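K.L.:
Sequence:
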Amino acid sequence: MRKVSNSDDRNYEHAHVNSGNNKSTTADVDMGNRSIRKMESNSIDEKAKSSNGDGKERRGSTSKRHSTARIKRLIRQLIIELGEDPDREGLVDTPERVAEMYAEIFSGYDMDSELDVTFSEESDVVVAREIQFYSMCEHHILPFFGKVHIAYIPDGKVFGISKLVRLVEKYAKRLQIQERMTKQIADELKDKVKGVLVVVEGDHMCMRMRGVKNNSRILTIAYRGEFENREVREQVLSLLMDSSSCARMYNI
73 MRKVSNSDDR
83 NYEHAHVNSG
93 NNKSTTADVD
103 MGNRSIRKME
113 SNSIDEKAKS
123 SNGDGKERRG
133 STSKRHSTAR
143 IKRLIRQLII
153 ELGEDPDREG
163 LVDTPERVAE
173 MYAEIFSGYD
183 MDSELDVTFS
193 EESDVVVARE
203 IQFYSMCEHH
213 ILPFFGKVHI
223 AYIPDGKVFG
233 ISKLVRLVEK
243 YAKRLQIQER
253 MTKQIADELK
263 DKVKGVLVVV
273 EGDHMCMRMR
283 GVKNNSRILT
293 IAYRGEFENR
303 EVREQVLSLL
313 MDSSSCARMY
323 NI
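Residue numbers (my numbering): 73 to 324.
Everything labelled a hint here was simulated from the structure, so no lab data went into it. Bear in mind the structure is a predicted one, so any value in this text is a computation, not a measurement. Treat the hints loosely; a few may be bogus.
Here are the simulated DSS-like pairs of lysine-lysine, each with C-alpha atoms no more than 27 angstroms apart in a straight line [unchecked claim]:
#1 K264 to K229
#2 K285 to K235
#3 K266 to K229
#4 K235 to K262
#5 K285 to K264
#6 K235 to K266
Computed spacing ranges between beta-carbons, pair by pair [what the hints assert, rightly or not]:
#7 E168 to R302: 51 to 59 angstroms
#8 N286 to T140: 34 to 42 angstroms
#9 K266 to E161: 52 to 60 angstroms
#10 D259 to D159: 43 to 51 angstroms
#11 K229 to R160: 50 to 58 angstroms
#12 D159 to K229: 30 to 38 angstroms
#13 R302 to D259: 19 to 27 angstroms
#14 E260 to F217: 18 to 26 angstroms
#15 K229 to Q149: 14 to 22 angstroms
#16 V164 to Y206: 25 to 33 angstroms
#17 E298 to I152: 27 to 35 angstroms
Even for Gly, the Cβ is constructed at its ideal location relative to N, Cα and C.
Using the sequences plus the hints, can you model the full thing?
P.N.:
See the structure below:
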């Protein structure tokens, strides 16, 4: 394992891991002196697609920083530069479709994570597993996607699951790199909790469609506060990664 950064109270690590399927369960787990509340789902994103977690599909609106009309013109010009006819049947509406899609998939720039909405609850550790995300790599503007696992030690209050989903979307729905996204999620939570641990597993189309064409999965980890304690971190990582030896395997 290579430690990328360990300064200014910002701990971050990353590794390549092979693709695999994760199964989800729900349980209350007692690990030593800490009780761990697990909140997880195979499709958390399907249950909380909207900003308020009502399960309804949220349609992206045009961001203040986006001009739909200008994007349409640029996409039309791109089609021409690629040697295609922008007026043929299959492409004539493509600029408009792409502009509308961009308004949705890049809507994170204008999102508020709403982390100030909390609930009084006693719990030593809260774990939310398998929050699905979709993002766009800023290097090649190709998709990367996967799962985010968040564990935090509450400071007397807990977040609703929809708020954690929205936090992930805030940083995923933009031009992004996985390493930065992992740290941004941890940094936004760190001042509201006693400790936070964020694990992101990502599949990158810029690796699969071009270049090395490698199907390995990228694993990034960021931790703050009480999770700087290695023992506490390893206990929770064993839950997040479905393997008690995972932390040792990657020397985390």
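K.L.:
Looking only at beta-carbon atoms, does the pair D159, K229 fall within the given range of 30 to 38 angstroms?
P.N.:
57 angstroms, violated
K.L.:
Within 27 angstroms, alpha carbon to alpha carbon, are K264 and K229?
P.N.:
The given pair, whose Cα atoms are some 9 angstroms apart, holds under the 27 angstroms limit.
K.L.:
Taking the beta carbons of V164 and Y206, is their distance inside 25 to 33 angstroms?
P.N.:
Taking Cβ atoms as reference, V164 and Y206 lie about 27 angstroms apart, which means the hint holds.
K.L.:
So does K229 sit 50 to 58 angstroms from R160, Cβ to Cβ?
P.N.:
56 angstroms, holds
K.L.:
Looking only at beta-carbon atoms, does the pair D259, D159 fall within the given range of 43 to 51 angstroms?
P.N.:
47 angstroms, holds
K.L.:
Just to be careful, I want the Cα atoms of K285 and K235 compared with a cutoff of 27 angstroms; is the pair within it?
P.N.:
35 angstroms, violated
K.L.:
Taking 18 to 26 angstroms as the stated bounds, is the beta-carbon spacing between E260 and F217 within them?
P.N.:
21 angstroms, holds
K.L.:
State, for the Cβ atoms of E298 and I152, whether the hinted interval 27 to 35 angstroms holds or is violated.
P.N.:
56 angstroms, violated
K.L.:
Taking the Cβ atom of E168 and the Cβ atom of R302, is their distance within the range 51 to 59 angstroms?
P.N.:
Holds, at about 53 angstroms.
K.L.:
Can you confirm whether the C-alpha distance between K235 and K266 stays at or below 27 angstroms?
P.N.:
18 angstroms, holds
K.L.:
Between K266 and E161, does the C-beta distance stay in 52 to 60 angstroms?
P.N.:
59 angstroms, holds
K.L.:
Sort out whether K262 lies within 27 angstroms of K235, counting only the CA atoms.
P.N.:
OK: K235 and K262 at ~15 angstroms, within 27 angstroms.
Violated hints, listed in ascending order, are 2, 5, 12, 15, 17; each of the other numbered hints is respected by the structure.
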